[in-house]
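Chemist: Next come the chains, spelled out residue by residue.
Number of protein chains: 4
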Amino acid sequence: MLVVMDHNATREEIDAVVIAIEEKGYTARPIPGGERVSIGILNNEGPVDASHFLGLPGVKDAIPVTRPYKLVSREFKPEDTVIQVGGVTIGKDKLTIVAGPCAIESESQALTIANHVKQSGAQLFRGGAFKPRTSPYSFQGLGKEGLIILARVREVTGMPVVTEVMDLETFDLVEEYADMIQIGARNMQNFSLLRRAGHSRKPILLKRGMAATIDEWLMAAEYILESGNSQVILCERGVRTFVHHSRNTLDLSAVPVVRKESHLPIIIDPSHAAGRRDQVIPLSRAAVAVDAHGLMVEVHHQPEKAMSDGAQSLYPDQFDLLCRQVLAIFNHVKEG
Amino acid sequence: MLVVMDHNATREEIDAVVIAIEEKGYTARPIPGGERVSIGILNNEGPVDASHFLGLPGVKDAIPVTRPYKLVSREFKPEDTVIQVGGVTIGKDKLTIVAGPCAIESESQALTIANHVKQSGAQLFRGGAFKPRTSPYSFQGLGKEGLIILARVREVTGMPVVTEVMDLETFDLVEEYADMIQIGARNMQNFSLLRRAGHSRKPILLKRGMAATIDEWLMAAEYILESGNSQVILCERGVRTFVHHSRNTLDLSAVPVVRKESHLPIIIDPSHAAGRRDQVIPLSRAAVAVDAHGLMVEVHHQPEKAMSDGAQSLYPDQFDLLCRQVLAIFNHVKEG
Amino acid sequence: MLVVMDHNATREEIDAVVIAIEEKGYTARPIPGGERVSIGILNNEGPVDASHFLGLPGVKDAIPVTRPYKLVSREFKPEDTVIQVGGVTIGKDKLTIVAGPCAIESESQALTIANHVKQSGAQLFRGGAFKPRTSPYSFQGLGKEGLIILARVREVTGMPVVTEVMDLETFDLVEEYADMIQIGARNMQNFSLLRRAGHSRKPILLKRGMAATIDEWLMAAEYILESGNSQVILCERGVRTFVHHSRNTLDLSAVPVVRKESHLPIIIDPSHAAGRRDQVIPLSRAAVAVDAHGLMVEVHHQPEKAMSDGAQSLYPDQFDLLCRQVLAIFNHVKEG
Amino acid sequence: MLVVMDHNATREEIDAVVIAIEEKGYTARPIPGGERVSIGILNNEGPVDASHFLGLPGVKDAIPVTRPYKLVSREFKPEDTVIQVGGVTIGKDKLTIVAGPCAIESESQALTIANHVKQSGAQLFRGGAFKPRTSPYSFQGLGKEGLIILARVREVTGMPVVTEVMDLETFDLVEEYADMIQIGARNMQNFSLLRRAGHSRKPILLKRGMAATIDEWLMAAEYILESGNSQVILCERGVRTFVHHSRNTLDLSAVPVVRKESHLPIIIDPSHAAGRRDQVIPLSRAAVAVDAHGLMVEVHHQPEKAMSDGAQSLYPDQFDLLCRQVLAIFNHVKEG
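Chains as they are written, first to last, in the numbering used here: chain A, 1 to 336; chain B, 1 to 336; chain C, 1 to 336; chain D, 1 to 336.
Take these hints with a grain of salt, some might be off.
Heads up, the list lumps identical chains together, so a pair's fine if it works in one copy or across two of them.
Below, simulated EDC-like cross-link-like pairs (lysine to aspartate or glutamate); rule was C-alpha separation at most 20 Å, straight line [stated by the list, open to error]: (1) Lys77 / Asp6; (2) Lys305 / Glu13; (3) Lys24 / Glu35.
Keep in mind the hints are simulated off the structure, nothing from the lab.
All chains should be built: construct the whole structure from the sequences, respecting the hints.
Modeler: Here it is as structure tokens:
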């Protein structure tokens, strides 16, 4: 942290900041400049809270210098984390494709789609049993019945299954059925849920919040690691911007940034980013080209009858095309 | 909902959309235009899910025409909702000021601040016992001990108390101690928590999410009303934008919009919007001038020693000035 | 500027950065920390370009410490700038109200509106002669004829007039007729236009760009001052965000920030921020309460027939109410 | 346009809207719904201005149904536009790579870089002679001298050259030297400049504004086409969002949207989007995978000594790697 003083800060004000820093147990190092004095804060373990100093007389700004996260950082653990979900590997040099409907609607719907996506190349099956919906009047998912169907899909197809958990009350239940547990964008800073996920032995798929910085996202993952579970996969799904030709704006620069800052794998959800079917294939190609560790794509055999998010679900044929296109790109990125 | 067809959509594609609409039990009304056909959807109860139609062949767009919310809307209930918190009234023609520290740190800290803010004109006392923090390494609040201190503040000062609830597990406990229960910005779409709040008999203070539209915010309130609790106060606290001279951008146009669309009261939190002390007083004046039903302001007698958010906490003197300034404006807005 | 090194930067990489800094004529001051080294850059006149250092091996970040602007800054000129437009004063303790139609449509339209707004309390008249329009098919303004009508309004009512300039070619013409020259949001970083404005002897009203930071806005003003014209009034008119219940999001915290950082006056345009008539009066009250130096408001006697922006134009009665309400608040803010 | 009435709008208010619509020469078609009446506007040529109706009594909303642009739309011209710049083709099935330094600094610098990028596969050379800079104190480009150097580069290497024009005054000069004329993001809505570009016979590279919607961007292109020049190449370069790990957020979904809505080619500038060298290669791969018509990349042989934007400039070796990677992807996208 660097505390920047006003250009006309008095000697007394500067001294008071130095004392405030040292009272916290840190070392203060004043740096006289041409126009103003700055004061470096050293010997802190973990991040320094700017608000301790920002309000002091004569202080103009307080600038963080080090990153706030620790366990998730590549500085802490230089080698890539590789995660096993059922028999499927996520991370490092793999490209893992997760696919399935937004919501589980029936056993026949789930099995139909699962067979399609498996044949095209998906390794994991996704489907919502507990659905977070903006409106209390929308379909909220089949709940436990949906989980039972997911287990049936795994049994029939051999694909491990991913589904979302919404609260502490249903965590045990979801954990029992799922091979990987998803925490949705709206819950990215539901810290109680993150802590509970940290006590799970199942891998956690942590979606980025709609307006989360990468620092906040990695700090959310830090909660999970700090509570004991180091199997976290990050999932970028678009951020909210002024743009309205897609539902969200897919932030693909998150991939190189996360790969540099953290050892955790990162996959992309083009379906929720786009919100419209016709952008999903191009964005999937881009996601693989930018070197994400995988994709999570919504597929439905009858999207016009889907109980949620039909507009962004691919037809099985389209998903098949998607898989062929992204695998060709993946091979080239890896060879390049 | 208006389904807009491509300008070269075929007769068959238009008919297929009409059938898809009628299969859902709605009425379809095609509107031939100069360049293209649009199809109105009538006789729907509640909102129509655009995704059912957006993906159909020949469909260019699907435009929502009616608002998705019902119980919170002024069309449903024309008169203002007035809410009692302890003996304090929020809503309609009142200006209610909530003040206190970000976090409860000790009984002496809480009582010192409570006495100050009461004397200046605050009617409700706020203070966090369970704190949602971006970092797992930051101070997380005193928990139950904090709640006991809040009860003590109420006993000593007579002020009703407001505090945040973070999860289902601690809801009963918070409900027992608090006069009004806050749901924070990060939990605005924690639907399980909203449902639980809907079963409470205590008023709920619902903060707007960092990137929430007003529709989404009102839909979150709809969850609470739909579950049985109609005592909801909305709290605008700034939204995340590209701007970085304040922590968030206070969206004051939310006040006239909410007042027009809904019967629920709306208050402003200038402290979390600004994130810096020196913007809090001007933004508070603006909030009252724009005709909010109240303010929630962070105050600390020693902000430089505060365990969280010290940089945005006012000194007691500043809060005193704030109260004098906003009351003068309030009287004029009401007379005007 | 503080150059932050990777935690495993080598001695050689650190030395190379020191040399690169010194080659630019600055002083480098390495600051060894617990985890990593940072290097302060001292003795720079004017801002340092981060890009010189960001790309060097071992460099993690380069953090600006000082503000980039000079002539517009309060550090450079501590006392408020006060500007005369015709006989009207803008700045310091004054509240100045500018009002009129979006576009000049005819002499009768302009005079009708001018008489209304003058009677209600406006001191300056605004009206567009050259209109920047998103579509080439929209009404583009009356051009020179509009300027002649503005001159007629000034003659008849005594009010100084404000109008927008769009390019270098018409600058001389606009300058001849206008008492204050507006540079619109879309041209905030049209640097050739800013330079030309710097050679004018007329005051310049500089609108904030739709996505401009305050630093960028003040740097745009710096272009004008640096070219010789120190009569600049800043005008906040909302920034583009994800919000869509208003056309833009009015950023009122810009007022305390600009007042702190700069000596230039700042006024608010609630009409373009809102884009809808029913938010204009509440936002105007808020703007005065936050202590802006003035307002610029669109008014039309027949907004439903206006040739542009009718939806945000107030009826004369509404403007009259606005003036009464904001003056009451202004008096209280100044007394408080 | 669909005008949506309040649910309690009176018969008279509805009639008044119908009359207002017909006064404009359009056809009004009221659509009675369950809850409220909407009124379709038919037989308009070109876009309808919502503001004519938004302010009328009883009107709740006015929703545009058709796109505002015409000449740039694929509905108007279904086949892809292909543009020749010098002997180089842009559009349809080509991938065109533009590369060079941010600013021309000297003949030796320009030629050194040009030879590097040509050898790696660039077909066009870019370099700024007139530079729009946030600060008046930054290097503003060599001006005419820069243009002469560009001509020399063309002569020596055979590559056509691209450079930015900033104002009307220097347009003729730039037009004389450049093979393709760039209009920068800050000037995207400088309508006088767009009109002048419309009278040029040189192709125009139109960058997307920092906060421009695709509609606004296409309307800016519409100005150029409407003035007579149909050789416009669009360039996405990132939009401003809350994100700060890259300078801007690259909006790759713009590519499928522009390809669907318009016949004009679209290329990507990853350098200005990222603002940091280490994101440029991954984003370039993504841009090609998403099916852009080309890339524009900043390259410098000594970026740490560059006079502007050094941090985002690739070293020649990196650019060489980039070309190899994107060509492999391009071939697969085209084969797939």
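Chemist: Run every hint past the structure and note whether it holds.
Modeler: Comparing the hints with the structure gives:
| no. | hint | result |
| --- | --- | --- |
| 1 | Lys77 / Asp6 | between (39 Å within a copy, 15 Å between copies) |
| 2 | Lys305 / Glu13 | between (67 Å within a copy, 16 Å between copies) |
| 3 | Lys24 / Glu35 | between (27 Å within a copy, 18 Å between copies) |
Of the numbered hints listed earlier, not one is contradicted by the structure.
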